[in-house]
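Asker: From first to last, the protein sequence lines stand for chains D and F. Using this note's numbering, read the first sequence as starting at 1 and increasing by one per residue. Using this note's numbering, read the second sequence as starting at 1001 and increasing by one per residue.
Simulated from the structure, these hints should not be mistaken for lab results. Model, not experiment: these values are computed from the prediction. Nothing false has been slipped in among the hints.
Take a look, some chain F residues computed to stay more than 12 Å from chain D by CB distance:
| id | residue |
| --- | --- |
| 1 | 1001 |
| 2 | 1009 |
| 3 | 1011 |
| 4 | 1019 |
| 5 | 1023 |
| 6 | 1112 |
| 7 | 1119 |
| 8 | 1169 |
| 9 | 1170 |
| 10 | 1179 |
In silico BS3-like links for lysine-lysine, alpha-carbon gap of 30 Å or less:
| id | chain 1 | residue 1 | chain 2 | residue 2 |
| --- | --- | --- | --- | --- |
| 11 | F | 1170 | F | 1114 |
| 12 | D | 112 | F | 1053 |
| 13 | F | 1142 | D | 104 |
| 14 | F | 1030 | D | 38 |
| 15 | D | 104 | F | 1062 |
| 16 | F | 1030 | D | 97 |
| 17 | F | 1142 | D | 9 |
| 18 | D | 38 | F | 1083 |
| 19 | F | 1177 | F | 1121 |
| 20 | D | 9 | F | 1062 |
| 21 | D | 104 | F | 1067 |
| 22 | D | 112 | F | 1142 |
| 23 | D | 80 | F | 1142 |
| 24 | D | 9 | F | 1030 |
| 25 | F | 1062 | D | 97 |
| 26 | F | 1067 | D | 9 |
| 27 | F | 1034 | D | 97 |
| 28 | F | 1062 | D | 112 |
| 29 | F | 1083 | D | 100 |
| 30 | D | 100 | F | 1053 |
| 31 | F | 1034 | D | 38 |
| 32 | D | 97 | F | 1142 |
| 33 | D | 38 | D | 80 |
| 34 | F | 1142 | D | 38 |
| 35 | F | 1034 | D | 9 |
| 36 | F | 1002 | F | 1114 |
Negatives, chain D to chain F, calculated, CB over 12 Å:
| id | residue |
| --- | --- |
| 37 | 3 |
| 38 | 49 |
| 39 | 57 |
| 40 | 81 |
By construction, the Cβ of each residue, glycine as well, lies at the ideal position given by its N, Cα and C atoms.
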Amino acid sequence: MEILGDNYKVCYETTSATINFHGSLRLNGMEEYAPILKLLNDVVDSNPARITLNLMHLDFLNSSGITMLSKFVIGMRTNKSMHMMILGANSIPWQSKLLKNLQKLMPNLNLKMV
Amino acid sequence: MKEIFGYYVDKPLNNDQLTVKFSPSSISIKDRWKNNGLSADFMADYLTTFFPKDDSDVGAQKQVEIKSTASYIANELLENSMKYCDYSVRLPITIQLQLDADQIRFFVTNSINKDSIEGFKNFIEELVVADPQELYFNQLEKNAENPDNTASGLGLLSMINDYSAMLGWKFEIIQEKPEILAVTTMVQVSI
Chain D
1 MEILGDNYKV CYETTSATIN FHGSLRLNGM EEYAPILKLL NDVVDSNPAR ITLNLMHLDF
61 LNSSGITMLS KFVIGMRTNK SMHMMILGAN SIPWQSKLLK NLQKLMPNLN LKMV
Chain F
1001 MKEIFGYYVD KPLNNDQLTV KFSPSSISIK DRWKNNGLSA DFMADYLTTF FPKDDSDVGA
1061 QKQVEIKSTA SYIANELLEN SMKYCDYSVR LPITIQLQLD ADQIRFFVTN SINKDSIEGF
1121 KNFIEELVVA DPQELYFNQL EKNAENPDNT ASGLGLLSMI NDYSAMLGWK FEIIQEKPEI
1181 LAVTTMVQVS I
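Let the sequences and hints guide you as you build the complete structure.
Answerer: Written out as structure tokens, the structure reads:
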């Protein structure tokens, strides 16, 4: 599963159950983010024991993207059977802010800043 | 008519300024949208000139942080101006970056439809009195429940919550006949 845009790529690596985000996500509203949210939900539906969202190569995310990721994380709160980890990069300043907010939404979220 | 809300600095600065001005209706919003990122990154890059890297890691890190903050704020303001401007009138969208001693300020001016002013003012009033963190998380929960909730103001809320930004607005009549109304959103962050 892969979504390729002008300045971004979101792809799922089945072996490690990791969704990798690359580039800059500045899509216009939830409507344009729907395919990415669908990819995330499809991964969850395939029922791996654990999933990882790797944001380490995501340079930019606008507020609509924050809304989309928050919506996914909020949906995962009720999924007790799946373990989720989000990877962020210390070198990208906004990521620590985002991850901190996501953890507030889902306290048992496993975060790793590298 | 001129109405000010929130924290608004309505004085011209003599220091460095950078202004980008464009006509929102000259090409489609879909094509224009791409330029938000370009303009925001350009303004953020421009700003870093004034905060040169020194030999320390601290200086380099500070530059990365300023660039990230400026790029996020400028991009959100441009997205908002494009989403909410009144396409029936010909008023360019202007984004200006002002550099002060230890602050940067963005001013974004766009036209606004008379009918949407009241809703916007109500949102501003809520923003000014509420706990921004509580409002931010409430909005995220609300957006997750209702996918149609597009005008959530989350961009502005995140500026306050994540970047400790000060926000203000100026509503004014630009032209009487036919009437053109404009709103300027000001965002100030300490650097």
